[in-house]
Amino acid sequence: MIETERDALDLWRRSLTASVRSDAPDMTARQQAILMIVAMEPGPPTVRGLAETLDIAKPAVPRALDALSKIDFV
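So the sequence shown is numbered by the working numbering: it starts at 1 and just counts up by one.
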């Protein structure tokens, strides 16, 4: 259980370190953010909703989703 900001940062550090050490493809911060929103937010996501949540242009969302699809994450 995460109890403090330090615990959260340590979990993030360990996750990033494990990702870098693995043979898995690298994901951009945008791709990671979209993946987390899709995984954790209720309801089916929309391109418009993801773009608004992240304050990014709508065309950036399908590009990120395509990249995530190519590595079998969505």
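Check before you lean on any hint, since a few could be wrong.
To be verified - Label-pair distances were calculated between CB atoms; the ranges are: (1) Val-47 <-> Thr-4: 14 to 24 Å; (2) Ser-69 <-> Glu-3: 19 to 29 Å; (3) Arg-6 <-> Pro-59: 33 to 43 Å; (4) Pro-62 <-> Thr-4: 35 to 45 Å; (5) Lys-58 <-> Asp-7: 32 to 42 Å; (6) Asp-66 <-> Pro-42: 32 to 42 Å; (7) Glu-41 <-> Leu-9: 16 to 26 Å; (8) Val-47 <-> Asp-7: 26 to 36 Å; (9) Ala-24 <-> Arg-63: 30 to 40 Å.
By construction, these hints were calculated from the structure, which means they are not laboratory data.
For every residue, glycine included, the Cβ atom is placed at its ideal position computed from N, Cα and C.
Hints, verified against the model:
Hint check: Val-47 to Thr-4, Cβ distance near 35 Å, so the stated range 14 to 24 Å is violated. Checked against the given bound of 19 to 29 Å, the beta carbons of Ser-69 and Glu-3, roughly 36 Å apart, lie outside it. Distance hint for Arg-6 and Pro-59: a CB-CB separation of about 38 Å, consistent with the stated range 33 to 43 Å. A beta carbon spacing of about 37 Å between Pro-62 and Thr-4 agrees with the range 35 to 45 Å that was offered as a hint.
For Lys-58 paired with Asp-7, a C-beta distance near 35 Å keeps the hint of 32 to 42 Å intact. About 24 Å separates the C-beta atoms of Asp-66 and Pro-42, a value inconsistent with the hinted range of 32 to 42 Å. A hinted range of 16 to 26 Å holds for the C-beta pair Glu-41 and Leu-9, which are about 22 Å apart. One distance hint, 26 to 36 Å for the beta-carbon pair Val-47 and Asp-7, holds here, with the actual separation near 34 Å.
Between Ala-24 and Arg-63 the beta carbon distance is about 20 Å. The supplied range of 30 to 40 Å is therefore violated.
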